[in-house]
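Here is how the chains run, residue by residue.
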Amino acid sequence: MAEAKKELKISRPYGQIRWENAFKRSLVIIALLMVVVVAGILLTLIIQSIPSLKSLGIKYLWGKTWDPINNVYGALPFLLGTLLTSFLALIISIPFSFSIAIYLGEYNPRGWLSNFLKNTVELIAAVPSVIYGFWGILVLVPIVQKLEIKLGVLPYGIGIFTASLVLAIMIIPYAASLGREMIKMVPSPLKEGAYSLGATRFEVIKNVILPYTKSGLFAGVLLSLGRALGETMAVTMVIGNTSTIPTSLFAPGNTMASVIANEFNEADHSLYWSALVELGLALFLVTVVINVIGKRIIKRFTNE
Amino acid sequence: MNKPNVNIKYRLGKSRVFQGLILVLAFVVTLPLIAIIVYIFKEGITKINWTFLTAIPKPVGEIGGGIANALVGSIIIVAVAAIIAVPLGIMCGIYLSENKRGRLAYWSRLCVDVLQGVPSIVIGIVMYFWLVKPLGGFSAWSGSVALAVMMLPILIRSTEETLKLLPDTLKEAGLALGLPYHKVILRIIVPCGFSGILSGVMLSVARIAGETAPLLFTAFGNSYTNTNITRPMESLPHLIYYYATAPDDNWHNLAWGASLILLFSVLLLNIITKITTRRWNIQL
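If you read the sequences in order, they're chains R and A. The first sequence: position 216 = 216 (our numbering), numbered continuously. Start counting at 1 in the second sequence, then tack on 304, and there's your number in our numbering.
By construction, these hints were calculated from the structure, which means they are not laboratory data. All the pointers check out, no bait thrown in.
Distance ranges between label pairs, derived from CB positions: (1) Arg535/A <-> Leu271/R: 27 to 33 Å; (2) Ile338/A <-> Arg110/R: 19 to 25 Å; (3) Arg110/R <-> Val332/A: 17 to 23 Å; (4) Ile46/R <-> Trp411/A: 15 to 21 Å; (5) Lys214/R <-> Leu571/A: 31 to 37 Å; (6) Leu113/R <-> Lys318/A: 21 to 27 Å; (7) Pro495/A <-> Gln16/R: 16 to 22 Å; (8) Gly324/A <-> Arg110/R: 19 to 25 Å; (9) Leu357/A <-> Val35/R: 42 to 48 Å.
In this text the structure is predicted, and so the values were computed from the model without any measurement. Just so you know, even glycine gets a beta-carbon here, dropped at the ideal spot from N, CA and C.
Let the sequences and hints guide you as you build the complete structure.
This is how it looks when you write it as structure tokens:
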């Protein structure tokens, strides 16, 4: 009896120490796992695109024709498609997202109206992209078609411009919510100083708030650009999926993400496949760089 | 500021016009969301009935059918993804909040940031090479793994941010009473931050429930109801994509109904999360 009691006393702490160590070790392993996953993603993309890197080389990037049947691969149509849609979407979305940021950050930071706007903007980011695509096909495409008839261009309806419109709606929340946080952080003595010198509200925003939050707003724009570059489903559904160099903003095209979504399952030989993976690799690298820079700027801004 | 002699009335007027412009531009943004919700509700609500929820899709040209296969598939795929991602995400969040400095924490945090920005289609490609090609076929669980990878950054961030808000004295009190480290974390720290972690879980589920791109190359699709996670499985977003782009009115109807169900469950999850975080007063 006495012995059993003694054993019990000793074994409990030992067991706990073992548990404690196992717990700490599993935490470290899981933190390491994140690094392994990201490194694994990068390695897999590189290894799988080696055939295309070897046989197509750097020329791949500015090859104008994409013709898998004759084994001719050039990524220029998709690079152009991605750049055109993303930047057009960015240009359309910036006035709106900055307006939301200024309204919520400066004019009306509290109250039910600003709560309503804030929640609505967050819900815009929550809507699945495939639903934007479906809505785009059945609602936006006919509207764009009418516009195109008025402008006298070929009324495809689908195309670069429609894709940019859908993308613009989708990326507004990213720049808007980040911008709001940044504008809220402007120290009030700065603003009060400008007011006491007789500045109007517009002048305070233009000469104090915007210069102060410049880098933060830029980071928000970068993060929305990252979203726009990688967005797949909504774009695939409304861009028309034509693998030629787009002739105008209203012409159908293809982006890097949409060509992968359309052709990856159909690719029937290794070079075709690997050319698609190389597009994925390029997409990965670009979005990683954009996101890391954006996050760095935010971190520096919030630490100051 | 360069022209100090400008009339004050002009300057005030300019300020007012600017304010009006900002107000209009800011609220114009709500229109597309309202338009989408109203349109999908109007088109979708008439399609939903008992057969719609319990039958499987009919082939082209036949009227009727339902989306039972996608409903069951979506629930299974998302549930498996959550089972994989939630423990990992919470544990990683705990590690990052416990080790604010340190080399591993730095790299781990960087990788989480990177993971958050990776386009979903790229994750689909990678999962294809990791899980689909070696095992010789599309499977639902490879789709779940792809979605789990997309859930992780949101989970980790929300766990880390929530636990950072807790005072150190809580942990110190537990340790001073002689509790082992894992008990301090699991019995004191995690329960205290439970609501924040829970809202992270709900947000991440809402985020991936509508993801289509990673499922294209992993779970693929299936026109029959399937509960075996080693076989291809249909999901709501994939069904919407597939049927919305097909030129068939009956299929469009199925896609409308499916969109309504998907949209409302995702929005509902988001709103519930918002209400709970407000009650617990936790900033995400």
